[in-house]
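Engineer: Read top to bottom, the protein sequences are chains A and B.
Counting from 24, one number per residue, gives the positions in the first sequence under the working numbering.
Counting from 437, one number per residue, gives the positions in the second sequence under the working numbering.
Hints in this document: simulated from the structure, not taken from any laboratory.
These numbers were taken from a predicted model, which means no experiment stands behind them.
It cannot be assumed that every hint is accurate.
Stated by the list, open to error - Computed list of lysine to aspartate or glutamate pairs in DMTMM-like fashion (alpha-carbon distance at most 25 Å, straight line):
(1) A:K96 - B:E517
(2) B:K457 - A:D158
(3) B:K502 - A:D81
(4) B:K478 - A:D241
(5) B:K444 - B:E481
Stated by the list, open to error - Derived contacts from chain B toward chain A, CB cut-off under 7 Å, selection only:
(6) I451
(7) V454
(8) H461
(9) L463
(10) P507
(11) M509
The beta carbon of each residue, even a glycine, is placed where N, CA and C say it ideally should be.
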Amino acid sequence: MAEISVGVVVFPGSNCDHDTEYALASIEGIRPVMLWHNEHDLQGAKAILLPGGFSYGDYLRAGAIARFSPIMKEVIEFANRGFPVLGICNGFQVLLESGLLEGALSRNRGMKFLCRQTTIRPVNCSTIFTSLYRDDEVLSIPIAHGEGNYFAPPDVLKSLIDNGQIAFQYTDENGRANDEANPNGSLLNIAGIINRQGNVLGLMPHPERASSSLLGSDDGRRMFESLYMHLAAR
Amino acid sequence: MPYLAKIKVTLRQSILDVQGKAVEHALTNLGYDSVESARIGKYIEVTINEADREQAERVGNEICQKLLSNPVMENYSLELEKVN
């Protein structure tokens, strides 16, 4: 069977692009394609990943300048046509700045850059990115960010809840979303959200850093496998 | 005619300003008991060359809304000064 191309956008300052490429390449049937931010051609990709890092040095606000990179015009159109777009960490920040997802991420409440393993729970397992998870399991996936404190006005939060758009929450080992399990102060312990149409997901934890047991956890792998299953069935 | 836009971007009151809090704690630790609060924002200067003040103001507001501030969590103020 022909391989399915998945694009990984490389901004100046991306630093998880090759980790993401590596994780994607380990999924049989997926061929990662690196897309330089200055291009306008998505090179036949059937899904787009925005990787973690510090695009444009996080100048002004994380993701604010990357959001206007030339390739983002095509990425936004691609998303609006219903194709899958996944933003990880800085990629999530870019998706929020671009308006593809609602809300914003501000400085972690503890003021520190956090780089450690977290436990998160997939809240909505009927999405194209989470279909291989169960909502009663707890995943071990690392975070690495200084600005991951999710904020949205009350009406947006309400619609996220009402429409099942909270994809992941920070929880304790038993799956409880309490304040101790909240690393950065995110409202409702939100670690990741999906758009209303269900094709654009952003999250702060790094599934590509948990894509092999050699890395300490392979709990992130099923996110890419879920995406592959969706693409293969299209 | 060039105008100097002096732009201040601040976090909305409802957003916890962790940098401001850290500075506030540092100041009270230094013994400045009268310090009640500190908030940190950004100050940006942009030179805009437009025919008149109205045009410059329009551009100034546009860039603040589009790029320089994030309306979800920030407010901005804009002051224009004619550059000779």
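Engineer: Against each hint, give a clear statement of whether it holds in the structure.
Structural biologist: Each hint, compared with the structure:
The suggested pairing of A:K96 with B:E517 is violated, with an alpha-carbon distance near 34 Å, which exceeds 25 Å. Distance restraint check for B:K457 and A:D158: the Cα-Cα separation of roughly 37 Å exceeds the 25 Å cut-off, and the hinted pair is therefore not satisfied. Between B:K502 and A:D81 the alpha-carbon distance is near 17 Å, which keeps this suggested pair within the 25 Å criterion. For the hint pairing B:K478 with A:D241, the CA-to-CA distance comes to about 41 Å; that exceeds 25 Å, so the pair is violated.
Using a Cα cut-off of 25 Å, the hinted pair B:K444 and B:E481 holds, with the two alpha carbons roughly 9 Å apart. Contact between B:I451 and chain A, as hinted, is supported at the beta carbon level, the nearest pair being about 6 Å apart and thus within 7 Å. A least Cβ separation of about 5 Å between B:V454 and chain A falls short of the 7 Å threshold, and the interface hint therefore holds. Interface hint status for B:H461: violated, as the beta-carbon distance to the closest one in chain A is roughly 10 Å, over 7 Å.
For B:L463, the shortest C-beta to C-beta distance to chain A is roughly 16 Å, which exceeds 7 Å, and the interface hint is violated. Given hint, B:P507 at the interface with chain A, is violated; its Cβ is 9 Å from that chain's nearest Cβ, farther than 7 Å. For B:M509, the suggested interface contact is upheld, since its CB lies about 5 Å from the closest CB of chain A, less than 7 Å.
When the structure is compared with the earlier hints, violations turn up for hints 1, 2, 4, 8, 9 and 10 and for no others.
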